[in-house]
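Enquirer: Sequence:
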Amino acid sequence: MSERIGFVGLGIMGRPMAANLLRAGYAVHVWNRTAEKMQPLLKQGAQAAENAAQVAANVDILITMLGDSPDVEEVVTGPKGVLTGAHSGLVLVDMSTISPQVTRRLAAVCQQQGVDMLDAPVSGGEKGAIEGNLSIMVGGSQPVFERCQPIFHVLGKNVVYVGEHGMGQTVKLCNQVICGLNILATAEGLSLAAKAGLDPNLVLQVVTKGAANSWMLENLGPKMAAGDYAPGFMVKLQLKDLRLALEAAEMLDLPLPGTALTQQLFRSVQAAGGGDEGTQALVKAIERLGSLSVAAAGGES
Numbered sequence: 011m012s013e014r015i016g017f018v019g020l021g022i023m024g025r026p027m028a029a030n031l032l033r034a035g036y037a038v039h040v041w042n043r044t045a046e047k048m049q050p051l052l053k054q055g056a057q058a059a060e061n062a063a064q065v066a067a068n069v070d071i072l073i074t075m076l077g078d079s080p081d082v083e084e085v086v087t088g089p090k091g092v093l094t095g096a097h098s099g100l101v102l103v104d105m106s107t108i109s110p111q112v113t114r115r116l117a118a119v120c121q122q123q124g125v126d127m128l129d130a131p132v133s134g135g136e137k138g139a140i141e142g143n144l145s146i147m148v149g150g151s152q153p154v155f156e157r158c159q160p161i162f163h164v165l166g167k168n169v170v171y172v173g174e175h176g177m178g179q180t181v182k183l184c185n186q187v188i189c190g191l192n193i194l195a196t197a198e199g200l201s202l203a204a205k206a207g208l209d210p211n212l213v214l215q216v217v218t219k220g221a222a223n224s225w226m227l228e229n230l231g232p233k234m235a236a237g238d239y240a241p242g243f244m245v246k247l248q249l250k251d252l253r254l255a256l257e258a259a260e261m262l263d264l265p266l267p268g269t270a271l272t273q274q275l276f277r278s279v280q281a282a283g284g285g286d287e288g289t290q291a292l293v294k295a296i297e298r299l300g301s302l303s304v305a306a307a308g309g310e311s
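Read in order, the letters of the sequence shown correspond to residues 11 to 311 in the working numbering.
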C-alpha cells in the first residue's frame, strides 16, 4: 500500500481500527498518550512514535480517534501536535465525535498550513470497529474524500460523503440522538416486561422479529437482560455526544425534548458511578425509578 497511515488514539475503537489497517497491508505509525496501549499494535507490525508531531512527519494520512473536542484540539494544535510535524499534502482525518464548530475551526487552521482535513466520525461501536463494518459519515473536500476512500473501506462498509467541513460531525450527532432514544426505548420496554413478571429474554425473542426491532434492541437488549454492562460504547461518551447534539440544536433554536430527557437519565447513571459502563447501563436508571431488576427477571443474579 502506497499511503503511509498514522493513527493517534488507541482506545476501544481506535485500536481495532488501526489493527484492520495493518492487516490490510498499510504501514501504520501509532501514538497514544497512554503508551502501553500501543503495545498490541507494535506486535502486529505498527511503528511507534513519541508524539503526534512525529506521526505527522512520517505519514501521508493521519487518523485521530479521541474522546472530545478539547482532546482533538490539543493533539492537532498543541505542543508536539500534528501541525508541529505536518508537511504540505498531509491529510488529517478526524474520526472522533466532536463539535461541528470545532471541526470547522480546525479545518481552517489546517488549511493555512497546507493540510487537508476531513471529519469522518463513525457508528457501529466496538463490534463494528473489530469487524471493519463501521458506518462512516464524511465531511470536507470531496477530492480529499476520494483519495481516502480505500482507507475508509478497510474500516467500514457504509461510507457516505455528506458535505462540507462539519457535516460529518452533524450527521453523527443526528445518529447519536436516534441511538440514545432507542436505548431508552429498549430499557423501558424491558423494564415493563420485568415488572409485569415476564422473562425479558422471551420478550426480546418476540419483539426483535417485529416492527419494534432496532440495532440497539438486538445488541443491547440481551446485555440488559443478562446484567452485562461491559462497554462497547461508554455512558460518559454517550453523555458527551448528547451534550454536543443539544448544543447544536440550541444554535438552531430546535427543541429536542426526548434527547434532553435521555441525557439526564444517562447523567443519573454516571452520577451513580456508571460512567465507564456500556450504554446499556441506562436500564439502571429505569430500574432505580421502578424498584425492579431486568436481569433478575431474566434469571440472572
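There's no promise every hint is true.
[Claimed, not checked] Here are the computed lysine-lysine pairs in the DSBU-like style, where the Cα-Cα straight-line distance is at most 30 Å:
no.: 1; residue 1: K137; residue 2: K246
no.: 2; residue 1: K205; residue 2: K47
no.: 3; residue 1: K90; residue 2: K205
no.: 4; residue 1: K219; residue 2: K233
no.: 5; residue 1: K250; residue 2: K233
no.: 6; residue 1: K90; residue 2: K53
no.: 7; residue 1: K47; residue 2: K219
no.: 8; residue 1: K90; residue 2: K233
no.: 9; residue 1: K219; residue 2: K205
no.: 10; residue 1: K90; residue 2: K47
no.: 11; residue 1: K246; residue 2: K167
no.: 12; residue 1: K205; residue 2: K167
no.: 13; residue 1: K137; residue 2: K53
no.: 14; residue 1: K246; residue 2: K90
no.: 15; residue 1: K219; residue 2: K137
no.: 16; residue 1: K53; residue 2: K205
no.: 17; residue 1: K167; residue 2: K233
Since the hints were derived computationally from the structure, they do not count as laboratory data.
Predicted model, so just to flag it, every value in this text is computed and none were measured.
Enquirer: Any hints this thing doesn't respect? Which numbers, in order?
Expert: Numbers 2, 3, 7, 8, 12 and 16, in rising order.
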